[in-house]
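Protein chains in written order, with the working numbering: chain E, 222 to 678; chain V, 222 to 678; chain A, 222 to 678; chain W, 222 to 678.
Keep in mind the hints are simulated off the structure, nothing from the lab.
Errors might be hidden in some of the hints.
Copies of one chain are not kept apart here, so a pair can be met inside one copy or by any two copies together.
Capping the alpha-carbon separation at 16 Å, the derived lysine to aspartate or glutamate pairs in EDC-like fashion look like this [stated by the list, open to error]:
1) K315 to D563
2) K456 to D609
3) K464 to E252
4) K373 to E359
5) K373 to D297
6) K522 to D563
7) K456 to E277
8) K315 to E381
9) K456 to D280
10) K456 to D364
11) K315 to E564
12) K315 to D387
13) K456 to D659
14) K522 to E301
15) K464 to E496
16) K522 to D539
17) K522 to E381
18) K489 to E399
19) K456 to E477
20) K464 to D446
Listed here are the chains, written in short residue letters.
Protein chains: 4
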Amino acid sequence: MTNSSSFDAYLAPYLIARAPRLQDHSRLLAEFYDWVRTEVDAQANYTDRYAPPALETYDRNGEVVNRIVANRWYEDQHQELYRRGIVGLPYAAKAPHLLTFAMGYILAQADISLHCPVTLTGAVAYVLGSHAPDAVRERFLYDVVRMDGLAKTGGTWATEQHGGSDVGATTTVAISNEDRFALHGLKWFTSNANSGLAVATARPEGATPGSAGLGLYLVPSHLEDGRPNHYRIRKLKDKLGTKGLPTGEIDLLGAEAIEIAPPPHGFKLMMEALEYSRVHNAVGSAGVQRRSLHEALAWAKTRRAFGHALWDYPMVQDELLRMRVEFEAGALLAFEAAIAFDETQQNAQHRTWLRLSTALAKYLTAEYAIAATRAALELIGGNGYTSDYPVARLLRDAQVLTVWEGPANIQALELLRLLAPRYRGWEQYQSRMQAILDGLAQGLGDLSGALQDRLRG
Amino acid sequence: MTNSSSFDAYLAPYLIARAPRLQDHSRLLAEFYDWVRTEVDAQANYTDRYAPPALETYDRNGEVVNRIVANRWYEDQHQELYRRGIVGLPYAAKAPHLLTFAMGYILAQADISLHCPVTLTGAVAYVLGSHAPDAVRERFLYDVVRMDGLAKTGGTWATEQHGGSDVGATTTVAISNEDRFALHGLKWFTSNANSGLAVATARPEGATPGSAGLGLYLVPSHLEDGRPNHYRIRKLKDKLGTKGLPTGEIDLLGAEAIEIAPPPHGFKLMMEALEYSRVHNAVGSAGVQRRSLHEALAWAKTRRAFGHALWDYPMVQDELLRMRVEFEAGALLAFEAAIAFDETQQNAQHRTWLRLSTALAKYLTAEYAIAATRAALELIGGNGYTSDYPVARLLRDAQVLTVWEGPANIQALELLRLLAPRYRGWEQYQSRMQAILDGLAQGLGDLSGALQDRLRG
Amino acid sequence: MTNSSSFDAYLAPYLIARAPRLQDHSRLLAEFYDWVRTEVDAQANYTDRYAPPALETYDRNGEVVNRIVANRWYEDQHQELYRRGIVGLPYAAKAPHLLTFAMGYILAQADISLHCPVTLTGAVAYVLGSHAPDAVRERFLYDVVRMDGLAKTGGTWATEQHGGSDVGATTTVAISNEDRFALHGLKWFTSNANSGLAVATARPEGATPGSAGLGLYLVPSHLEDGRPNHYRIRKLKDKLGTKGLPTGEIDLLGAEAIEIAPPPHGFKLMMEALEYSRVHNAVGSAGVQRRSLHEALAWAKTRRAFGHALWDYPMVQDELLRMRVEFEAGALLAFEAAIAFDETQQNAQHRTWLRLSTALAKYLTAEYAIAATRAALELIGGNGYTSDYPVARLLRDAQVLTVWEGPANIQALELLRLLAPRYRGWEQYQSRMQAILDGLAQGLGDLSGALQDRLRG
Amino acid sequence: MTNSSSFDAYLAPYLIARAPRLQDHSRLLAEFYDWVRTEVDAQANYTDRYAPPALETYDRNGEVVNRIVANRWYEDQHQELYRRGIVGLPYAAKAPHLLTFAMGYILAQADISLHCPVTLTGAVAYVLGSHAPDAVRERFLYDVVRMDGLAKTGGTWATEQHGGSDVGATTTVAISNEDRFALHGLKWFTSNANSGLAVATARPEGATPGSAGLGLYLVPSHLEDGRPNHYRIRKLKDKLGTKGLPTGEIDLLGAEAIEIAPPPHGFKLMMEALEYSRVHNAVGSAGVQRRSLHEALAWAKTRRAFGHALWDYPMVQDELLRMRVEFEAGALLAFEAAIAFDETQQNAQHRTWLRLSTALAKYLTAEYAIAATRAALELIGGNGYTSDYPVARLLRDAQVLTVWEGPANIQALELLRLLAPRYRGWEQYQSRMQAILDGLAQGLGDLSGALQDRLRG
């Protein structure tokens with residue numbers, strides 16, 4: 222494929238208009254896009270079909286080793302992502318997080334199985350960088366933000382067997398042991414199960430029930446003497462999609478952990494980590510929409526039926542237009558949240574808008590992404606139902622977007638909370654909408670009026 | 222599991238009210254349901270995850286053998302379905318086709334990978350039984366309707382590399398050779414690729430282009446001397462779902478074939494076969510809805526979050542209610558078509574209503590089925606995203622329901638055709654709707670009026 | 222395939238001459254042979270290549286379930302073997318064990334992955350039938366000898382991580398708990414890992430080190446209330462061969478067990494179980510020789526090179542002759558031990574000869590079997606190196622024959638022990654040889670003299 | 222692992238004494254050894270167990286594409302071997318072939334699935350370099366000897382369905398077409414099936430039967446316009462071992478080919494290519510012995526039974542000693558042939574000794590290699606029977622060493638031919654033996670006499 226002059230002909234102009242700093246990184250993004258659309262996409266198809274990861278819990282002497290055998294191509298690209306700065310750039314080069322969210326958007330167009338672990342690593346970096354005690358940050362942050370090919374990857378261990386949404390019911394116990402803690406429990410759905418550094422929720426002995434009793438702990442995969450930490454990956458989930466990504470059940474058998482925050486702060490920190498990863502979920506969903514649109518267009522242009530190219534047919538045009546409109550809506554909303562993320566780092570007053578736009582974006586883009594993969598698959602038809610085209614993989618992968626980082630109902634609850642008087646979210650929503658309407662081009666005046674009516678109504 | 226007294230607590234009363242003859246078969250259906258929900262479901266999960274079919278095109282001496290290695294459990298159940306009469310009952314016992322469509326509805330709740338080949342076998346039986354020359358029917362019909370455990374299975378070979386909808390562009394050529402034909406071409410998407418008897422569209426040498434030049438031919442898997450027929454299954458498709466079902470690309474290398482109908486009748490007969498299989502597609506889709514609803518209910522009843530069972534939550538109730546309503550709508554529409562199928566066998570004047578209701582049902586139930594699997598998966602959440610629950614398999618399988626037997630656009634074109642004056646479909650539609658409205662219970666009077674207004678447009 | 226009039230044209234006459242009672246069962250054996258060479262062989266090839274067993278240690282709720290997912294064909298045949306009496310006949314019908322050893326010989330010609338678990342089940346039956354306390358025998362023996370399709374299968378859990386030969390170093394501990402024991406430890410190489418009833422060596426708390434401190438215990442797979450017993454199959458071994466057979470590592474986590482024998486009798490009983498299974502190993506090895514010879518002959522007769530059938534070539538004839546001679550030597554030696562087994566049941570004075578002939582036969586037939594598979598593979602050449610022919614599977618499977626039930630060195634030590642004055646094995650060996658020599662036909666007189674010289678020598 | 226100072230503590234001194242030029246390359250060999258024993262060995266275990274190659278004969282448009290999907294790790298190492306000069310060094314740097322044979326010996330200790338294709342590429346280079354017409358050599362040789370990471374890999378397509386030894390019965394036909402040939406036929410056992418350049422035997426139309434009618438042709442995988450050449454890889458063999466190596470059946474459908482030699486020279490050239498690859502087979506076999514010895518020693522040193530390390534036991538020492546002696550015998554014999562190969566390039570009079578020593582070495586080292594893997598496996602016992610240790614893989618791979626490049630009988634015929642008066646092989650054999658005996662150390666005088674007697678006898 223030829224080198225691209227832009228990472229996205231549709232989206233780049235808008236993003237750069239909204240965040241001119243991105244212009245400085247436009248070449249980095251274009252090169253990243255070229256690599257993703259050729260190399261990463263080829264790897265993703267290969268890994269999904271031929272060489273998903275396998276688990277070897279025990280070594281040949283019967284000792285727990287927690288080895289996950291991923292194929293080398295996937296592993297090399299995973300590390301290459303960190304080398305290119307998808308997590309490290311905001312730390313090493315003071316780049317905006319927006320840049321790394323844009324990289325996530327691009328990456329998700331080819332491989333959600335790589336986008337997910339990158340998100341987790343970024344979340345661990347964010348927690349360590351923003352909220353960890355100095356000593357912990359100084360000791361561990363560099364491990365996850367380094368760009369020299371030796372980065373450790375991250376994990377967020379919250380979900381337990383009773384379910385992912387109800388974090389307050391966490392049953393994992395943290396037992397104090399000198400300057401460390403020993404964690405006991407079962408974490409049920411740990412993506413990137415072979416992370417080098419995970420953050421985990423746990424309840425210290427004697428702490429109160431519910432989310433107020435939770436602390437947050439850092440769990441390295443190996444002890445300082447090189448032995449595996451005291452936990453056992455008991456199995457990998459056999460998932461519908463994101464097959465390249467190892468997701469495990471983990472028995473914590475006194476796993477050595479470092480306290481990041483004691484109760485009652487653990488829950489709040491885990492929620493802040495979610496703020497970060499939900500933005501990634503939203504831009505990733507927009508990436509899935511983008512790819513689906515790309516595949517649908519490519520097919521419609523070249524496929525002929527009844528004597529015409531498909532896209533000569535009004536019903537096909539109608540479908541493609543719907544995909545395009547929903548893509549633009551999804552992408553703009555997702556990046557609204559991404560920009561708010563950087564603003565919130567500068568000024569905490571932006572947090573309500575960040576949470577509000579994130580909840581909206583997380584919910585809506587996931588819906589859009591699933592619809593887009595289905596639309597592309599149905600357009601391509603029987604061929605789209607096979608691994609000869611990437612849309613079947615995208616469709617399987619996309620189903621996870623509504624499921625993880627909080628399903629629709631959880632986002633709705635978050636919205637209800639924020640729209641309530643305490644957070645004054647409604648005012649912020651109105652004000653942001655008004656600014657958008659004020660910026661509409663003259664020729665769309667009537668549209669503006671109609672939208673304002675709707676907004677008031 | 223306990224023995225069921227009915228094959229479906231929701232649906233059975235309605236069906237028996239509409240078609241009292243079904244009452245005679247209620248025990249057969251209840252036993253069938255018990256077998257499907259225990260044995261077939263277990264097989265379907267196993268086959269999908271552990272032992273999908275493999276292809277051995279050549280034997281160890283280098284000869285084409287077209288051997289498809291399915292696991293024995295799947296194979297045994299496939300034959301058991303014929304033994305129970307899912308194709309043969311209307312032939313052996315003059316049972317209504319409705320009975321076998323009801324069996325299809327039940328079967329699809331557990332395994333679309335078995336429902337599909339049964340549909341194909343039924344379609345071949347229907348074509349042979351209703352439209353083949355006497356000599357052909359007498360020679361071959363018994364092979365596909367026998368209920369002694371030795372039935373041959375069927376295939377319908379129409380789709381070529383240029384696409385499935387545009388059958389008129391068929392490039393397969395039929396060369397006359399004494400009382401047989403030799404077929405040359407490439408069939409691109411042949412489900413149940415190891416069928417014993419397939420019907421195939423082909424164009425005799427010198428016939429006109431387009432659908433008017435197509436004949437229909439019967440292709441046995443083996444020649445009379447026991448050697449494989451002259452074709453080669455070149456590969457199996459690596460599909461998103463229906464993994465238990467072998468779907469192949471087939472090179473016809475002078476395959477010996479028996480004429481069922483010369484041009485211009487071939488296309489029309491293939492369309493009549495589709496009438497049959499689209500009804501199966503619709504009842505199968507309703508079956509997928511039924512199973513999704515079942516799984517969602519089972520989860521909502523037993524799963525607890527934030528101190529309550531899920532189905533105590535209004536948002537969950539809302540979702541379950543939507544699934545139930547759409548299931549009833551889908552199932553009633555699908556069986557409307559199924560009943561019209563039997564009526565059309567009695568009286569050809571019912572054909573327009575059959576085609577109209579089938580097009581509506583095929584389209585709408587497939588949409589519903591996909592939505593139902595997604596709803597169930599999202600309710601179950603991360604667990605639903607794994608093979609620990611059957612919904613991920615159902616979701617993959619369900620995507621095929623919109624794709625095969627004609628996608629949405631093709632059903633829309635069929636509807637437009639039938640609503641045109643030539644077929645007087647609109648009158649029939651109005652009349653059927655009026656009858657339904659007239660039958661509504663008194664207490665729903667206002668609803669009836671509102672629907673009538675809507676109908677008048 | 223035609224029905225056989227005899228189970229083995231080469232071997233049957235000899236066996237019947239040696240043990241005329243077998244004549245009564247000749248039809249049973251011939252039918253068994255027909256079934257094995259067609260159905261079992263097809264299953265063995267399929268299972269090995271396409272559907273080996275998988276382990277699901279945990280269920281979807283996170284509970285230990287120890288489910289081994291074998292394909293249905295393998296499972297059905299496993300149970301069919303018990304239905305045909307391969308373990309039960311000596312108990313139900315007072316048939317000689319020789320009959321079941323002959324069945325083992327036949328079975329191993331097609332599938333060692335089925336022969337092995339049958340051997341284990343037979344060993345458990347033998348221990349229970351001959352050595353268990355009355356109450357234990359009455360409660361459990363029927364479970365493993367029943368011939369109604371519901372038999373439980375057996376296991377012998379001795380090998381630990383430190384190695385299989387040094388049983389005296391067993392580290393598994395048995396803790397007394399009312400009328401049961403709770404076993405704690407790690408069993409390292411448990412074939413037929415999903416046995417319903419296993420016998421296990423363990424050391425009661427406080428017992429002496431070494432083999433004198435070992436007891437023998439019966440471990441059911443499930444507790445009386447239906448829950449899984451307290452152990453965990455942690456993984457299945459990825460073996461070179463016998464891929465159809467699940468072989469696991471088992472963590473005993475307080476597994477409930479019933480005492481069969483307290484120290485110091487445990488070790489001795491496990492050794493008697495080995496007497497039984499080593500005879501099976503020997504007849505199975507002879508079966509592998511037989512099959513290899515069969516495959517080599519079939520190839521040599523039909524394959525042509527340089528203008529002639531292979532078996533026209535002296536070098537090929539030479540190889541085939543060597544295979545035939547070694548087969549006869551191996552089979553006669555193996556059945557010498559098999560016959561001694563029955564004699565020992567009648568009269569314990571035969572035990573030395575049983576042990577001596579078993580050690581010789583176990584060692585020598587395993588060597589022969591490996592050599593035979595190699596010879597057949599090399600004759601068939603590149604084709605033999607593929608799964609298109611069964612010899613590559615046989616070769617992989619055969620490597621286990623030297624490894625399990627005691628390798629060559631252990632058999633040598635057993636021989637040294639028996640030849641020592643205490644057991645007077647040498648006298649018995651000489652006497653048996655003399656009887657053979659006396660029975661040689663006249664025409665072989667010189668041969669007899671030469672052998673006598675050698676024997677004296 | 223630490224960096225090695227020598228590539229082989231046992232063998233290096235001898236080889237350097239025999240061929241002092243090797244000293245110049247000792248660092249290259251030591252580095253090569255370090256890379257092979259760490260990286261290549263890890264890849265070989267991974268590829269064998271988790272990611273063997275797969276074939277995609279057709280692309281998604283139904284066109285033949287002959288794509289073999291190997292895992293990236295294997296592919297990268299394959300190219301890295303050429304970068305390190307395992308084929309190119311004798312061409313680029315005038316290094317002796319002995320150096321590349323030594324690299325083959327090292328490589329085979331870890332991965333025969335890589336050693337084989339390297340051998341084939343070397344054989345194509347040898348044929349092109351030594352025997353092709355100038356124009357062909359100038360056009361194609363560089364493609365296979367380049368060391369810049371872009372080398373094409375080689376194949377030798379001789380074996381047909383009727384068998385590998387009887388090359389004279391070749392049925393592939395070469396039809397002249399301007400300056401090229403079109404090949405039609407079926408090649409049955411093509412290792413490294415996705416070679417970029419293969420040499421193939423074929424019979425021009427009208428040529429005489431038998432080996433005298435064979436020409437030799439060069440077959441590129443792609444035409445000059447980039448399309449795949451006119452052949453179809455119809456399937457990959459499911460082999461006992463060398464699973465990393467794709468071995469296919471290839472339908473030649475008018476494959477475009479360039480003449481290297483017309484009849485009657487084709488057969489002779491293919492035989493000379495075999496001279497090269499048989500030497501590699503022999504040094505590779507010695508490599509397998511070396512690795513088996515290494516694994517056996519490592520186990521015997523660390524494993525304890527009955528209170529002692531295994532190698533304290535005389536029976537174990539006896540076995541290890543046998544392995545060591547056979548390794549030395551095998552390696553010295555193999556390198557005798559390797560050295561003769563270089564000498565023959567200098568002086569054609571050495572050819573008889575090359576052929577004679579090669580036939581002896583090819584035969585004997587393959588036998589030794591299989592015996593060594595079996596000995597190592599049995600020493601390690603049940604653990605050795607699993608993929609936890611590499612010996613099971615070595616054993617499977619080693620079986621191919623007797624089978625390909627001519628089995629034992631073919632080597633025996635070659636020996637008989639060479640020992641006949643025409644070639645005066647016996648004299649050369651005696652003379653070489655005498656030189657060895659003369660060089661024996663004084664203290665071994667009696668041994669020398671005994672060997673001389675044996676030689677005369």
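A quick look at each hint next to the structure:
no.: 1; hint: K315 to D563; result: within (11 Å within a copy, 62 Å between copies)
no.: 2; hint: K456 to D609; result: between (30 Å within a copy, 12 Å between copies)
no.: 3; hint: K464 to E252; result: neither (26 Å within a copy, 37 Å between copies)
no.: 4; hint: K373 to E359; result: within (15 Å within a copy, 50 Å between copies)
no.: 5; hint: K373 to D297; result: within (13 Å within a copy, 24 Å between copies)
no.: 6; hint: K522 to D563; result: neither (39 Å within a copy, 42 Å between copies)
no.: 7; hint: K456 to E277; result: both (9 Å within a copy, 9 Å between copies)
no.: 8; hint: K315 to E381; result: neither (36 Å within a copy, 56 Å between copies)
no.: 9; hint: K456 to D280; result: both (15 Å within a copy, 11 Å between copies)
no.: 10; hint: K456 to D364; result: neither (27 Å within a copy, 33 Å between copies)
no.: 11; hint: K315 to E564; result: within (14 Å within a copy, 65 Å between copies)
no.: 12; hint: K315 to D387; result: neither (35 Å within a copy, 57 Å between copies)
no.: 13; hint: K456 to D659; result: neither (54 Å within a copy, 58 Å between copies)
no.: 14; hint: K522 to E301; result: neither (34 Å within a copy, 41 Å between copies)
no.: 15; hint: K464 to E496; result: neither (25 Å within a copy, 38 Å between copies)
no.: 16; hint: K522 to D539; result: within (14 Å within a copy, 41 Å between copies)
no.: 17; hint: K522 to E381; result: neither (47 Å within a copy, 19 Å between copies)
no.: 18; hint: K489 to E399; result: neither (25 Å within a copy, 50 Å between copies)
no.: 19; hint: K456 to E477; result: neither (21 Å within a copy, 25 Å between copies)
no.: 20; hint: K464 to D446; result: neither (32 Å within a copy, 37 Å between copies)
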